[in-house]
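One-letter residues, chain by chain:
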Amino acid sequence: MIKDYEMVIGLEVHMELATETKIFCSCPTTFGAAPNTHVCPVCMGLPGTLPVLNGKVVEYAIKAGLATNCKIANFSKEDRKNYFYPDLPKAYQISQYDLPLCEHGWVDIETGDGAKRIGITRIHIEEDAGKLVHDDEHGTMIDCNRCGVPLIEIVSEPDMRSAEEAEAYLRKLRATILYTGVSDCKMNEGSMRCDVNLSIRKKGAKEFGTRTEMKNINSFKFVVKAIEYEYKRQVEAVEKGETIVQETRRFDPDSGKTFTMRTKEDANDYRYFPDPDLPPIVTADETIAAYGRDIPELPDVRKARYIKEYGLSAHDGEQITADRAMADWFETVAGRTKFPKLAANMLLSELLRLTDSEEFVCPISAEKMAALCDLNGRDVINSSTAKKLLVRLWNDDVDPAAVVEAEQLAQINDAALLESEIRNAVAANPKSVADYKKGKKAAAKAIVGQVMKVTGGRANPVKLGELTEKILAEE
Amino acid sequence: MSELVNRTLKDHIASLSAGEYSSGELTEAYLAHIEAKEPDVGAYISVLPDTALAMAAAADQKRAAGEPLPPLAGVPAGIKDNICTKGIRTTCASKMLGTYVPPYNAHVVERLEANGYVLLGKLNMDEFAMGSTTENSAFQVTHNPVSLDRVPGGSSGGSAAAVAAREAPYTLGSDTGGSIRQPAAFCGVVGMKPTYGTVSRYGLVAFASSLDQIGPITQTVEDNAIVLNAISGHDKRDATSLVWEKTDLTADIGKGVRGLKIGMPKEFFTEGISGDVKTAVENAAKIYEKLGAEIIEVSMPSIPHALAAYYIISSAEASSNLARFDGVRYGYRAENFADITDLYLKSRSEGFGKEVKRRIMLGTFALSSGYYDAYYKKAQQVRSLVADDFDKAFAACDCLLSPVAPTTAYKLGEKSADPLEMYMGDAYSVPVNIAGVPALSMPCGVAPDGLPVGMQLIGKAFSEPLLYRVGAAFEQTRKGV
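Chain order of the listed sequences is A and B.
All residue numbers for the first sequence refer to my numbering, where the first residue is -11 and numbers rise by one.
All residue numbers for the second sequence refer to my numbering, where the first residue is 178 and numbers rise by one.
For reference, chain A alone in the conformation it holds in the complex (with noise of 0.2 Å):
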């Protein structure tokens, strides 16, 4: 049953832009000040005030654009969408209807099923609403830190077909704008958020089903949990009979469910049209060209060149420009050292259990994390003492090398001295020798970890397995 269907996703996600000051005034954007300290008559919409665009904004929007492909436009206008809420003190919204700043882009995404292109249809321009702080004895309250802090609003085409597609859009999206340093796109902080558009259909059909949208999701994993429950939910109604109505859903993150929010009956009609008191927007080729001109080398760029130059895998590669501190700090340590796959491998395996912070913070300095790379590439050391070390670096700014000299942590490469220390091992565990002579081969393993523990983890694992084999095969 499940199985003939297919979903069909579109994402739209709302970045805020990293600019000091707000779209139309020049009240600070920092998130986390006192309530309604960050506002002024212009964003405050009092009467007679009017708005004037921040130039920023524009050239922000446009490197997200360049940098997701899209064709800029040199004539592009703002319009007013409108309908009353109480965070929204104009009782309209100032952002662009059917000329946005970008259209025609994609990303790239890498997925367990391979290599996908995602369209993007557009990406505007738009200010920010208030927010609504509710309190039992104040009742409704309203903060206007936000109103006209700006942000982007990147639309993509209908082009996903998994959970896993969309979280590898969100994610491909989220490092390339990284990159550009046009957003912070921090999804705790709100200033990245995304509304999720979805149907269902048979498979091969070519029509598309009638779309819910849930909006406001700010986590990956709640996006890939709405995705998942939405699709099941579609499926199950279609399968009973009933028609799909489109309408505005809530993703609820404690129970993994969505509800019905608005129907279509109830939507507004913004009346969008061109507001006056914005001129057009102008942008010339060569001021595109001149934006393009900042945009640093993007993830795709870094990742072909990671596997071609480094001999990283595709997946470890991905990985790894997702965020562009950790590639910068990868880069780095790769450059200084002779084994940059095994600094890959120990960066993704190891170091990013150390931290959970959303941001790539890493207290290990590029040099030492390479003298690190070079003692474990050269087989001074062994993997094990080598992620030893590791955690030792994170906490403390010791000096690999010295610590290896100093606490003996060699590996153990003398053949003869782990012979005698397996030969210690078999006598005393006689049971894994008989199991390993009725063709337990896994017996072996007892010994190798028996020697392992009796060197403090030093022995070189290598070498350590070739001799167990060839001891137990003499036994």
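Source of the hints: derived by calculation from the structure; they are not laboratory data.
Backbone N, C-alpha and C fix where the C-beta goes; we use that ideal spot for every residue, glycine too.
Incorrect hints may appear among the rest.
[As the list claims (entries may be wrong)] Heads up, simulated DSS-like pairs for lysine-lysine below, C-alpha to C-alpha not over 25 Å straight-line:
| no. | chain 1 | residue 1 | chain 2 | residue 2 |
| --- | --- | --- | --- | --- |
| 1 | A | Lys213 | A | Lys228 |
| 2 | A | Lys190 | A | Lys213 |
| 3 | A | Lys69 | A | Lys203 |
| 4 | B | Lys455 | B | Lys637 |
| 5 | A | Lys119 | B | Lys523 |
| 6 | A | Lys433 | A | Lys451 |
| 7 | A | Lys69 | A | Lys44 |
| 8 | A | Lys174 | A | Lys119 |
| 9 | B | Lys523 | A | Lys69 |
| 10 | A | Lys433 | A | Lys375 |
| 11 | A | Lys65 | B | Lys413 |
| 12 | A | Lys69 | B | Lys534 |
| 13 | B | Lys554 | A | Lys65 |
| 14 | A | Lys69 | B | Lys554 |
| 15 | B | Lys413 | A | Lys44 |
| 16 | A | Lys69 | B | Lys555 |
| 17 | A | Lys220 | A | Lys203 |
| 18 | B | Lys555 | A | Lys65 |
| 19 | A | Lys119 | A | Lys44 |
| 20 | A | Lys213 | A | Lys245 |
[Claimed, not checked] In silico contact screen, one side only, chain A against chain B (beta carbon under 8 Å); selected entries:
| no. | residue |
| --- | --- |
| 21 | Gly33 |
| 22 | Arg68 |
| 23 | Pro77 |
| 24 | Lys78 |
[Unchecked claim] The following label-pair restraints were derived from C-beta to C-beta distances:
| no. | chain 1 | residue 1 | chain 2 | residue 2 | range |
| --- | --- | --- | --- | --- | --- |
| 25 | B | Asp565 | A | Pro267 | 19 to 25 Å |
| 26 | B | Gln653 | A | Pro267 | 37 to 43 Å |
| 27 | A | Lys296 | B | Ala551 | 55 to 61 Å |
| 28 | A | Phe19 | B | Asn513 | 35 to 41 Å |
| 29 | B | Glu512 | A | Lys245 | 35 to 41 Å |
| 30 | A | Pro267 | B | Arg655 | 37 to 43 Å |
| 31 | A | Glu8 | B | Glu474 | 57 to 63 Å |
Following the hints, put chain B in place on chain A, whose structure we already have.
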């Protein structure tokens, strides 16, 4: 010193600077005159004696200290109540903003303050500048000082009446479709709708953003140029504010009209125009010919469509501009409401007057999905056609001469029952706003019933110096009439 109030702005500037009287004395004279006239005229929503006297004292102090003073220093003025004055109630003549006190000054108010002006008070108007009689004020009726049973025109009726009643030497009004020019014509004073973008709209409570423009109302043409000199100029807080090389707007006054071509667009003299108005404007044309100008007839075929386009565009913009008055943050809030939708509904139903609600509904409809192309988009196309017609006309002549309104001031209550008839009265004034060009409204004669008739001189963008020159040449011929 009651005769003081009959003097022109130019006279006051000269007398204050010569020390003939102080700003304090002048301000007291106006305040006394206001007190005497207001029961009949009702031009002011707020009179501010304390503020005015304090500002006058400051100007006098500066003068005594020998500081170099700008032209308007120490001269009192009145300001239309849709222009924000910091710390001073700004109501837009609406119950919605009956107690609203702005925390900031409009750009024009900053300019006047920098000039050391004296604020006498805030002037009555049609609610949110929507109307042609000032009868749509939520607070009071303003009477035409020339004939008290007649309307002063609108929406800047208080601004025009105050100057006509000598309750201020000059006032500021705003003009979206004739709101400075028509009341100036009805009250027999001089009003200018400047080139769109030359006077900042920052702090003017918006009615229709693409049409609104602040301008002066004065007794004489030269006074008008003096005030516009002070309030015009680029303002970076208004994105529609223009950057241009500003010149002294009084500079060409006195140069006469010899050799100038003045066009009379026949579409401005069509049916509906009263005989008295037609005769007076045609007489003015004859006077211009005598003064050496050439009068030519021009045709502007799109003009008859301008009125419809105006009402669609202005109402559409107004429906959005006035949406912020929702009873949530400031202004009128209904007392009993069930939920947020009910709060909006009741606050707006009770807070806005009939005409404002009519325009909001009209504009909301025009922008609605499915109707946008037929109304708003079409109106914008008409707008370009009208602008083209003006361009063509100005290729053939230096400026245009037309009536301001089809009639002279009518009786209070006469037309308030029929909004469409009222809208028709804007037919000659709205094309100017649609095209964004400047136009000067000034008295050109008196009808047999004693009511003033206004004429309108329309020029291309930035031609204010020419309009003042042409206006002053005519005014000169009427001295002592």
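How does the Cβ-Cβ distance of Pro267(A) and Arg655(B) compare with 37 to 43 Å: does it lie in that range?
With Cβ atoms ~41 Å apart, the hint holds.
Keeping to a limit of 25 Å between CA atoms, is the pair of Lys119(A) and Lys523(B) held or broken?
holds (24 Å)
Has the given pair, Lys69(A) with Lys534(B), been kept, meaning a C-alpha gap of at most 25 Å?
Cα-Cα ~20 Å, so holds.
Does the alpha-carbon distance linking Lys213(A) and Lys245(A) stay inside the 25 Å limit?
Between Lys213(A) and Lys245(A) the Cα gap is close to 8 Å, so the pair holds against 25 Å.
Hint check: Lys433(A) vs Lys375(A), CA-CA at most 25 Å. Holds or violated?
holds (20 Å)
I want to verify a distance hint. Is the separation of the beta carbons of Glu512(B) and Lys245(A) within 35 to 41 Å?
holds (40 Å)
Is the interface hint satisfied for Gly33(A)? The criterion is a beta-carbon contact with chain B at less than 8 Å.
Hint on Gly33(A): holds, closest Cβ of chain B at ~5 Å, below 8 Å.
Hinted pair Lys413(B) and Lys44(A), Cα distance within 25 Å:
Measuring from Cα to Cα gives roughly 16 Å; hence the hint holds.
Given pair status - Lys69(A), Lys523(B), alpha carbons within 25 Å:
Within the cut-off at roughly 23 Å; holds.
Lys213(A) and Lys228(A): Cα distance at most 25 Å?
Satisfied, since the Cα-Cα distance of roughly 23 Å is no more than 25 Å.
Quick one, is the Pro77(A) hint okay against chain B at 8 Å, beta carbons?
holds (6 Å)
Hint check: Lys69(A) vs Lys555(B), CA-CA at most 25 Å. Holds or violated?
Holds, at roughly 20 Å.
The structure meets every hint from the earlier list without exception.
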